[in-house]
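**Q** The lines below spell out each chain.
2 protein chains.
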Amino acid sequence: MRAIFIAVGSELLELDRIDTNSLFISRKLREKGILMDMKITVGDNLENLSWTIKNACKRAQLVIVTGGLGPTEDDITREGTANALKKKLTFKEEIVSGIRAVFQKRGIKMPDINTRQAFVIEGAEVLPNSVGTAPGQYLDEKDCKVLLLPGPPREMQPMFEDIFARKIAPLSNFLMASRSLKFAGITESETDSMIADLYRKYKNPHTTILASPGFIEIHLLGRSKKSPEENKAITDQLAEKIKTRLADYFITEKDITFEEHIIQLLSTRNLTLSIAESCTGGGLGNRITNVPGSSEVFLGGVIAYSNELKMKILGVKKGTLEKKGAVSEQTALEMATGIRRLCQSDIGVAITGIAGPGGATQGKPVGLVCLHLSSEEAEQGVQKIFTGDRQIVKIRSENCCLNLIRQYLHRYQN
Amino acid sequence: MRAIFIAVGSELLELDRIDTNSLFISRKLREKGILMDMKITVGDNLENLSWTIKNACKRAQLVIVTGGLGPTEDDITREGTANALKKKLTFKEEIVSGIRAVFQKRGIKMPDINTRQAFVIEGAEVLPNSVGTAPGQYLDEKDCKVLLLPGPPREMQPMFEDIFARKIAPLSNFLMASRSLKFAGITESETDSMIADLYRKYKNPHTTILASPGFIEIHLLGRSKKSPEENKAITDQLAEKIKTRLADYFITEKDITFEEHIIQLLSTRNLTLSIAESCTGGGLGNRITNVPGSSEVFLGGVIAYSNELKMKILGVKKGTLEKKGAVSEQTALEMATGIRRLCQSDIGVAITGIAGPGGATQGKPVGLVCLHLSSEEAEQGVQKIFTGDRQIVKIRSENCCLNLIRQYLHRYQN
Numbered sequence: 067m068r069a070i071f072i073a074v075g076s077e078l079l080e081l082d083r084i085d086t087n088s089l090f091i092s093r094k095l096r097e098k099g100i101l102m103d104m105k106i107t108v109g110d111n112l113e114n115l116s117w118t119i120k121n122a123c124k125r126a127q128l129v130i131v132t133g134g135l136g137p138t139e140d141d142i143t144r145e146g147t148a149n150a151l152k153k154k155l156t157f158k159e160e161i162v163s164g165i166r167a168v169f170q171k172r173g174i175k176m177p178d179i180n181t182r183q184a185f186v187i188e189g190a191e192v193l194p195n196s197v198g199t200a201p202g203q204y205l206d207e208k209d210c211k212v213l214l215l216p217g218p219p220r221e222m223q224p225m226f227e228d229i230f231a232r233k234i235a236p237l238s239n240f241l242m243a244s245r246s247l248k249f250a251g252i253t254e255s256e257t258d259s260m261i262a263d264l265y266r267k268y269k270n271p272h273t274t275i276l277a278s279p280g281f282i283e284i285h286l287l288g289r290s291k292k293s294p295e296e297n298k299a300i301t302d303q304l305a306e307k308i309k310t311r312l313a314d315y316f317i318t319e320k321d322i323t324f325e326e327h328i329i330q331l332l333s334t335r336n337l338t339l340s341i342a343e344s345c346t347g348g349g350l351g352n353r354i355t356n357v358p359g360s361s362e363v364f365l366g367g368v369i370a371y372s373n374e375l376k377m378k379i380l381g382v383k384k385g386t387l388e389k390k391g392a393v394s395e396q397t398a399l400e401m402a403t404g405i406r407r408l409c410q411s412d413i414g415v416a417i418t419g420i421a422g423p424g425g426a427t428q429g430k431p432v433g434l435v436c437l438h439l440s441s442e443e444a445e446q447g448v449q450k451i452f453t454g455d456r457q458i459v460k461i462r463s464e465n466c467c468l469n470l471i472r473q474y475l476h477r478y479q480n
Numbered sequence: 067m068r069a070i071f072i073a074v075g076s077e078l079l080e081l082d083r084i085d086t087n088s089l090f091i092s093r094k095l096r097e098k099g100i101l102m103d104m105k106i107t108v109g110d111n112l113e114n115l116s117w118t119i120k121n122a123c124k125r126a127q128l129v130i131v132t133g134g135l136g137p138t139e140d141d142i143t144r145e146g147t148a149n150a151l152k153k154k155l156t157f158k159e160e161i162v163s164g165i166r167a168v169f170q171k172r173g174i175k176m177p178d179i180n181t182r183q184a185f186v187i188e189g190a191e192v193l194p195n196s197v198g199t200a201p202g203q204y205l206d207e208k209d210c211k212v213l214l215l216p217g218p219p220r221e222m223q224p225m226f227e228d229i230f231a232r233k234i235a236p237l238s239n240f241l242m243a244s245r246s247l248k249f250a251g252i253t254e255s256e257t258d259s260m261i262a263d264l265y266r267k268y269k270n271p272h273t274t275i276l277a278s279p280g281f282i283e284i285h286l287l288g289r290s291k292k293s294p295e296e297n298k299a300i301t302d303q304l305a306e307k308i309k310t311r312l313a314d315y316f317i318t319e320k321d322i323t324f325e326e327h328i329i330q331l332l333s334t335r336n337l338t339l340s341i342a343e344s345c346t347g348g349g350l351g352n353r354i355t356n357v358p359g360s361s362e363v364f365l366g367g368v369i370a371y372s373n374e375l376k377m378k379i380l381g382v383k384k385g386t387l388e389k390k391g392a393v394s395e396q397t398a399l400e401m402a403t404g405i406r407r408l409c410q411s412d413i414g415v416a417i418t419g420i421a422g423p424g425g426a427t428q429g430k431p432v433g434l435v436c437l438h439l440s441s442e443e444a445e446q447g448v449q450k451i452f453t454g455d456r457q458i459v460k461i462r463s464e465n466c467c468l469n470l471i472r473q474y475l476h477r478y479q480n
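Quick mapping for you: the protein sequence lines, in order, are chains X and D. Using the working numbering, read the first sequence as starting at 67 and increasing by one per residue. Using the working numbering, read the second sequence as starting at 67 and increasing by one per residue.
Treat the hints with caution; some may be incorrect.
Note that identical chains are pooled: a pair holds if it fits in a single copy or bridges any two copies.
To be verified - Distance condition first, Cα-Cα at most 27 Å in a straight line; then the derived DSS-like pairs of lysine-lysine:
| hint | residue 1 | residue 2 |
| --- | --- | --- |
| 1 | K152 | K120 |
| 2 | K153 | K124 |
| 3 | K171 | K430 |
| 4 | K124 | K152 |
| 5 | K450 | K171 |
| 6 | K307 | K389 |
Derived by calculation from the structure, the hints in this document are not laboratory data. It should be emphasised that the depicted structure is a prediction, and the values quoted were computed from it without experimental measurement.
I would like the entire structure built from these sequences, with the hints used as guidance.
**A** Here is the structure:
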């Protein structure tokens, strides 16, 4: 079964807006072996939408449309779909009662305009909306199933999950198995050259390497008509081979961020953390404190942007700054030991570097970053030269620092 | 002139990937009065792509395709377009020489596979790639112009700008005038209720309100066939009316971020800044240090997540924390004066709050945030209750703090 996704709404074509419903839906479809062939964003134009749906139905067995189910004249998905499929729209009084009840719960009288939402395409199953007023519709046609969903994600998602599980997923004749592995401390091309000989041997599962600065995700998608056991076994086989080959860089298979993973590791070990940031300027603290409950583990930090602060708060020696410079392994060490002492944390980490575009000096290029981890058991420093613009260098530095913590925990606190 | 955009690449349909080239292109098109009717993402499937291009050419006068111009077998845009337009592909030896030169500059021998990039669609203008190896192609057909561009943004953008200015923009018969106004300290619904009576009177320009947490952008797009002066005059008229009505919240018309704007204001006034963050955990420092050159203005900060740090580094009084609590106007004041003293900066700001989901206490709900600005001329505090999840509360707090600095500079340093 192949799918086409259509997002409806002129606002999605304007300025910096972008459809994201397709990401949620394609992930769910993939889990059941249904791949998205195409995704389309179309404005609130009846003729364009009808044409798009009509053509999509010629090419796919499943067409999913989000948006355009509201009560205003701009909301043309019902009419556009009816036109495309040459079907009638019928007014259903019972839908109006449902919508009226939603408004009553909010203590408001239903505006007359909302009766527009009670038109149903001939033969469609009406999908109740547990969150908003716009009902969805599902057309179980022979050649192509058509699913109409509201645009707001919190209305769309539960409605999709329900109808997908009941009616669509059972139609997929592909069996799926997937694994998702996360790595750090290795580049995309290093990853590929280390595992290409492994995954190239497999036509199934399909391997995708997703790289973001300082962070690699490897997705394996086993999609087959063979037995589920066989499909799962072959996917697991490749996953384990890749994990073994890249063991030094492996983080987790959980669906969490790198910082969440580190907070969990620290939390289960009852260890506290403090950070001293120079070039990342609070970026690492920001990511760590994005994790709910991080306050149990993270005591605080200093953004020691100026040399004065490095000396005054963290106790970096004047001589170190003069002889080695603010971006040096020795300064990183003194920053890390300084923040650990100040916060009385189990672990102190420090990042100092040149994020660019300015700031390079003789022998110290843009992208040079020194990191250090200080603890009772170990002092570990690392020096890197990262590529990329200012923000990329910051993110690479943060991920490198998280990786330093990961390696330390693996070695000393396992 | 109406346009359809097509992004080619199976990776754009997989997992969390999304096309963003369309955002850059639609912005440029809009400036010249060309609107995008539809955008489509299609995988590396020759038949799907040919079909999509063929149909797009039936509906639009301009079809822009990005991606799929690389040297591998997956790169099917040349062939797909030729098939769609029923045109031949011709091999051009001079293109190979150009690509070979790019490789030579990098000190590498050109792989044979790259000769695939030398096939040109009959009648197409070859667009040289100043950054990478893939040349673009432009077909100046009578009914529909077709533009093929490489996928990587840094290759695509200069190539698009050149051909667009030379050949496409001059064809647009709409005159454009646009204004973009940025505001803070006001919500989307407050904005709309304050200016709806103004902009509803105008059919042209078209008004769009874009809201992100704690930050509002109002775009006016005047698009008309009347004289350029008349179109500009009416757009400016509405822009000025909106600016006057929302004067207290107006930030800038420049295409910069809120933090860039604040750094510029501080820089021209020769003022230095330090920050003490609790609930935002480094988020504000991170944004400020994303701005190149911010080190001239920003001295540093403290992420005082724990009460101990608030006392030890910032000098917040034990009695304040005990009597008023860590999230209180008095604590914010002592944090701000403390960080200013420590860093010897002109301005010190502080943020303390409950970002959630945990941490609420009797009388102090999730979303409660206290902010303070300390300077020689003024002490200004503000208390807010923000809605949204943990990250949204953090971003709203950061923007509220930037707005506090903006208001202070406006009042005391103008």
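**Q** Give a verdict on every hint.
**A** Evaluated hints:
1. Taking identical chains as interchangeable, the C-alpha atoms of K152 and K120 lie at most 27 Å apart whether they share a chain (9 Å) or sit on different chains (24 Å).
2. Proximity of K153 and K124 under a CA criterion of 27 Å is satisfied in both settings, with 16 Å inside one chain copy and 25 Å between copies.
3. In the homo-oligomer, the alpha carbons of K171 and K430 lie at most 27 Å apart only across protomers (25 Å), although the nearest pairing inside one protomer, at 63 Å, exceeds that limit.
4. Within a single copy, K124 and K152 get their C-alpha atoms as close as 14 Å, and across copies as close as 22 Å, so both meet the 27 Å cut-off.
5. In this assembly of identical chains, K450 and K171 lie within 27 Å of each other by CA distance solely across copies; the values are 26 Å between and 57 Å within a copy.
6. For the homomeric pair K307 and K389, neither the shortest alpha-carbon distance inside one copy (48 Å) nor that between copies (59 Å) is at most 27 Å.
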